[in-house]
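**Q** Assemble the whole structure, with the sequences as input and the hints as a guide.
Protein chains: 2
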Amino acid sequence: MDPIDKREKTVAQVKVVFTPSGRRGSFPVNTPLLHAARVLGVDIDSVCGGRGLCGRCQIICAEGSFPKHQIDSESSHLSPVCATEIKYGERKTALANGRRLSCHTLLLDDVVIDVPAESQVHRQIVRKDAEHRDIHLDPATRLYYVQVDDADMHVPKGDVQRLIDALEGQWQLPNLSCDNRLLKTLQPVLTKGKRAITVAVYNSQQIIALWPGFRDKAYGVAVDVGSTTIAAHLCDLSSGEVLASASLMNPQIRFGEDLMSRVSYVMMHPEGADEMTLVIREALNSLFAEVAEAIDGTVEDILEITLVANPIMHHILLGISPVELGGAPFALATDGAVEVPAAELELKINPGGRIYILPCIAGHVGADTAGMILSEEPQEQDQMTLLVDVGTNAEIVLGNRQRLLACSSPTGPAFEGAQISCGQRAATGAIERVRINPETLEPRFKVIGSDLWSDEEGFSAAIESHGVTGICGSGIIEVVAEMYLAGIVTVDGIVDGELVNRTDRMVQNDRTWCYVLHSPVSDEAQILVTQNDIRQIQLAKAALYAGVKLLMDHIGTDRVERIRLAGAFGSHINVQHAMVLGLIPDCVLDEVSSAGNAAGTGARIALLNRQSRDAIETLVKNIEKVETALEPKFQDYFVDAMAFPNKTDPFPNLFSLVTRPAVKQLVDNAGGRKRRRR
Amino acid sequence: MDPIDKREKTVAQVKVVFTPSGRRGSFPVNTPLLHAARVLGVDIDSVCGGRGLCGRCQIICAEGSFPKHQIDSESSHLSPVCATEIKYGERKTALANGRRLSCHTLLLDDVVIDVPAESQVHRQIVRKDAEHRDIHLDPATRLYYVQVDDADMHVPKGDVQRLIDALEGQWQLPNLSCDNRLLKTLQPVLTKGKRAITVAVYNSQQIIALWPGFRDKAYGVAVDVGSTTIAAHLCDLSSGEVLASASLMNPQIRFGEDLMSRVSYVMMHPEGADEMTLVIREALNSLFAEVAEAIDGTVEDILEITLVANPIMHHILLGISPVELGGAPFALATDGAVEVPAAELELKINPGGRIYILPCIAGHVGADTAGMILSEEPQEQDQMTLLVDVGTNAEIVLGNRQRLLACSSPTGPAFEGAQISCGQRAATGAIERVRINPETLEPRFKVIGSDLWSDEEGFSAAIESHGVTGICGSGIIEVVAEMYLAGIVTVDGIVDGELVNRTDRMVQNDRTWCYVLHSPVSDEAQILVTQNDIRQIQLAKAALYAGVKLLMDHIGTDRVERIRLAGAFGSHINVQHAMVLGLIPDCVLDEVSSAGNAAGTGARIALLNRQSRDAIETLVKNIEKVETALEPKFQDYFVDAMAFPNKTDPFPNLFSLVTRPAVKQLVDNAGGRKRRRR
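Residue numbers (the UniProt record's numbering), protein chains in the order written: chain A, 1 to 678; chain B, 1 to 678.
If you're looking for bench data, these hints aren't it; they were derived computationally from the structure.
The structure presented is a predicted model; accordingly, all values stated were derived computationally and were not measured.
By construction, the Cβ of each residue, glycine as well, lies at the ideal position given by its N, Cα and C atoms.
Treat the hints with caution; some may be incorrect.
[To be verified] Incomplete in silico selection of chain B near chain A, CB under 8 Å:
no.: 1; residue: Val160
no.: 2; residue: Leu183
no.: 3; residue: Lys184
no.: 4; residue: Gln187
no.: 5; residue: Ile253
no.: 6; residue: Arg254
no.: 7; residue: Ile320
no.: 8; residue: Ala331
no.: 9; residue: Leu332
no.: 10; residue: Thr334
no.: 11; residue: Val340
no.: 12; residue: Glu624
no.: 13; residue: Leu630
no.: 14; residue: Pro632
**A** Take a look at the structure:
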């Protein structure tokens with residue numbers, strides 16, 4: 001008889017069931033729980049490899065009778081709490097509520113063992129928005145504590161080979177390589193750690209960092225490089241939690257407010273590209289320092305960065321001149337995902353740290369759109385879904401499970417408050433909400449910094465410190481929509497000067513009329529909405545709508561079933577007002593919602609789940625790209641979309657809720673006055 | 001009937017035979033010769049891909065009747081010389097002796113086509129030494145001229161993807177990647193070259209450099225980083241030819257003459273490691289600049305570097321502190337081959353250039369030994385072959401087709417002239433050859449800088465400008481061997497002071513005797529060989545011999561059949577004298593020869609043939625490493641090897657040619673005099 005069989009026959013076997021996985025098996029008495037879990041393929045985390053250092057492998061013994069499993073489970077069926085567990089509690093927090101370290105707990109009798117979510121490697125990270133699936137935690141960078149053999153003259157291999165062998169032997173990580181940059185520090189780290197070290201492994205392929213002894217801090221930062229704002233979120237790679245966030249204005253604004261003016265700057269100052277690259281990298285480095293400091297760490301604790309950006313920011317960040325993106329054929333230098341050592345981009349995180357930049361889709365549809373898709377998953381929807389990220393260029397994605405199309409449309413900066421006479425960024429003092437009484441034509445509004453409407457008591461006092469300084473993007477949408485609904489602006493976008501007879505809020509400016517939204521008591525300037533402001537909004541929203549229509553044409557649908565508005569602008573605008581303007585197509589209003597900072601969330605998903613990287617890279621290749629500039633119908637759609645909400649499209653869902661204003665036709669006469677025709 | 005078949009039936013077919021490959025086939029009239037060669041798998045080079053630019057695809061039409069092939073071949077069976085060929089001749093040299101560009105020559109009738117060696121990609125590079133196989137040219141870095149599609153808004157992929165697609169389509173290079181560092185320059189280069197560019201591809205895997213238009217200059221440099229000298233050879237990667245060489249003293253000498261003193265320096269000045277790394281890299285950069293200038297090029301023309309070095313130089317070059325190599329267990333940080341971008345080591349060649357460093361074998365057996373093995377191929381020998389590279393550490397390889405063993409032995413710097421009273425480097429004025437008349441005990445010698453023996457007429461005049469300044473390594477070997485053969489030194493290495501009665505060349509120094517090799521006429525110092533000099537040579541040669549004996553033990557042989565001596569020292573010493581001393585084991589003298597700079601040649605092979613890299617990496621893993629410090633028998637072998645040539649080994653081959661001196665036993669008495677016993 002085989003001696004192994006013999007031994008197994010003589011040692012008592014006990015049963016264990018792990019929940020929630022339901023995996024079960026029998027093991028000899030005194031088998032460590034972590035070992036049993038490994039054998040059964042139960043997902044329990046561990047960085048220290050069972051040395052009682054990391055505390056990741058905590059479990060709870062279920063108490064009671066489980067007839068389904070035929071087990072009476074109680075904590076005395078496990079070995080008593082041992083010295084290592086007590087020591088762990090002294091070093092970290094004591095193990096609460098009967099939790100045990102599964103690596104130091106032996107099976108004595110039948111038990112049911114609960115593995116709490118935080119002890120699972122591949123746990124789910126719950127996203128707040130009910131629309132989204134949770135993120136499945138599986139980061140590209142993981143830590144492993146490993147004991148490396150002593151150097152041995154009889155086996156004269158290199159210490160890096162000893163480390164690689166140890167990782168294969170102790171962690172089943174085959175065929176690892178080691179970043180050459182670590183060769184310099186390997187031996188001192190081995191010496192300092194007495195041959196016990198912690199390594200960071202990237203993508204189960206390469207060792208990218210080393211520390212003496214045990215360590216369990218591993219952080220990554222997800223970054224959204226917008227034209228206006230750069231936002232960074234530092235995440236704990238082992239829990240997925242966002243521990244710190246920071247943002248700053250894109251310092252490139254000094255080279256041009258919008259993207260195209262920055263490209264023009266480079267065209268005129270070729271050395272400007274390098275300058276812009278420098279300032280954007282410096283800005284990122286200051287953000288990294290800020291989020292690291294917020295968790296009392298250093299930038300060396302950051303092992304990985306994922307980035308989304310529009311194509312121009314993407315190229316500048318990589319040190320590529322954006323001039324080719326400034327004109328047709330809008331040739332990207334690369335559209336693939338970019339994976340580089342941080343050092344290559346002069347980004348100051350851990351010296352072995354890695355950067356992953358999501359793929360671009362086309363010359364104007366960037367990694368930010370890829371991020372939005374990763375976050376929103378339109379390819380998983382049955383409904384015909386429209387995603388819009390409004391910026392200087394609107395990035396538009398339309399589709400569902402069957403097909404996905406993308407385009408961009410040059411909306412210009414009007415939605416960001418630029419080119420609007422009283423426009424300003426969303427900041428304290430800016431008007432963000434507007435209602436106009438269609439009878440009296442009197443407005444009321446809210447400004448950022450106060451929750452009161454302008455006609456409520458205490459408003460003046462509440463805004464006294466900052467005043468009313470201008471109109472931000474969402475305010476512009478509302479005031480123009482309200483002006484249209486109140487009959488102050490016609491369906492064609494003409495400000496009706498004849499209303500001067502009904503209200504003193506109409507003032508003439510050269511040959512056109514303005515609407516006075518706010519007249520301050522003191523000597524501040526009036527807040528006006530001019531004819532030109534209306535035109536700018538018409539041009540912007542018509543471009544966006546024409547882009548959406550082209551995608552609808554290509555996919556062969558005449559309606560969208562669901563709309564998600566991404567970005568800061570998309571989060572703040574009132575969707576009904578946006579639809580009144582015809583900024584978005586008609587849709588059941590309940591199906592229109594904000595997607596928040598979807599691009600940034602996409603960067604975070606790419607940070608926390610490495611499979612999402614392959615998924616988005618593959619998906620992006622299959623997205624059908626539509627180039628608005630090449631489509632003959634774009635111009636027709638654009639002209640129709642100049643009207644509110646649209647010259648030809650009926651908007652039945654909208655007008656089932658909102659009364660369509662009477663159609664007025666005003667004709668410009670030689671004297672600049674407008675005549676009403678019913 | 002299939003339309004293809006129909007067409008083939010109606011177009012006349014002609015026969016073509018390519019020599020020397022003998023490949024043959026039939027093709028339709030007007031098939032370009034290069035195309036026919038490609039179809040038949042005939043090896044014809046091309047960088048420009050058949051555009052008549054590179055001139056690499058030249059062939060010669062054989063004239064005459066070839067009954068074996070049933071072909072009457074003549075040049076009129078090919079299309080007439082065309083405008084492109086004439087233009088090529090105007091730009092480069094005219095096509096001589098009836099040569100044609102096969103890409104622009106069409107088959108009209110049956111022909112025999114000779115492909116000259118220089119038109120083959122995988123040509124052989126003939127090595128001067130008859131012992132060696134030729135190098136099969138197959139460099140890791142190759143150039144490709146490629147036409148890249150214009151950017152196209154309908155196909156909005158990145159330009160790098162267009163380049164990769166073009167290389168796959170035009171050159172059948174699948175799955176290429178592009179070095180991220182090139183993203184910055186790709187679009188300007190495409191524009192400048194009007195989308196026609198030349199790229200350098202590394203290992204058929206990655207694009208590492210780009211130039212607008214056509215280019216056919218690709219260079220690499222093979223470097224041997226010795227403790228004393230650094231030598232660099234610039235090679236044309238397309239012909240394998242060495243175009244320029246340069247060398248300089250290792251500037252680390254200022255940190256210590258020999259390796260161990262440099263390691264000690266680092267132990268005492270930890271910042272010294274970085275300093276040494278800096279100076280070695282600076283030295284390499286100055287060599288690269290020098291060899292590039294020698295061919296009227298720049299360092300940007302250098303695309304690849306291969307390097308050999310002993311383990312300590314290897315580590316310092318990589319920026320790794322060598323302190324672990326300074327003592328047992330002599331732990332290498334890495335023993336694998338190292339492949340890195342040049343920029344990572346701050347080596348200034350083409351910004352995308354690559355470095356390949358051969359693998360190390362053990363803590364004292366370095367990449368230089370791997371280079372020696374690559375050059376000498378002991379694993380291809382039937383004879384039991386001994387390779388020795390003598391330096392401060394001797395690196396020793398023993399074996400044949402069946403097995404290969406390696407070790408190192410600490411010979412110390414005596415063979416380099418250090419620790420020898422009148423020792424000096426091999427430079428003008430150094431004694432390099434010595435003969436002693438056993439009757440008169442009078443010496444004659446040669447010094448570097450003159451071809452005359454010291455007893456020949458005109459010697460004094462010939463050396464007048466520099467004098468006789470010392471004894472170099474090969475001179476030391478000869479003078480000690482000659483002293484032994486002449487009976488001046490006993491078998492145990494004692495200088496026989498009793499000879500003072502026979503010659504005035506014996507002088508006393510404290511309690512021991514010296515031999516006066518040269519007494520200058522003027523006030524220069526005498527050139528003496530002291531008792532201590534003999535001891536130093538005994539210690540060095542005994543260490544070397546003991547190492548060899550250990551390998552012989554391990555492999556189970558009592559004789560070697562072939563000995564190759566590598567390195568500068570190995571090239572200059574007289575093998576018979578070396579054997580008289582017992583520096584090398586007994587062997588048929590005709591089978592003992594110099595291997596030249598075998599390590600450097602190994603670096604050149606690795607540069608010119610990429611398969612050799614895999615081969616040496618695999619081979620090195622299978623070499624059995626013997627650690628002399630761990631072998632109990634080392635001490636016994638060492639003691640026996642202190643005698644000339646050896647206390648126990650008989651040296652039959654040697655003494656069939658050389659008369660063994662009578663054995664004298666001298667006993668040291670209290671007065672310091674020696675008494676002869678017969």
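**Q** For each hint, tell me whether it holds in the structure or not.
**A** How the hints compare with the structure:
no., hint, result
1, Val160, "holds, 4 Å"
2, Leu183, "holds, 5 Å"
3, Lys184, "holds, 5 Å"
4, Gln187, "holds, 5 Å"
5, Ile253, "violated, 23 Å"
6, Arg254, "violated, 22 Å"
7, Ile320, "holds, 5 Å"
8, Ala331, "holds, 3 Å"
9, Leu332, "holds, 4 Å"
10, Thr334, "holds, 4 Å"
11, Val340, "holds, 5 Å"
12, Glu624, "violated, 11 Å"
13, Leu630, "holds, 6 Å"
14, Pro632, "violated, 14 Å"
When each numbered hint is compared with the structure, violations occur for hints 5, 6, 12, 14.
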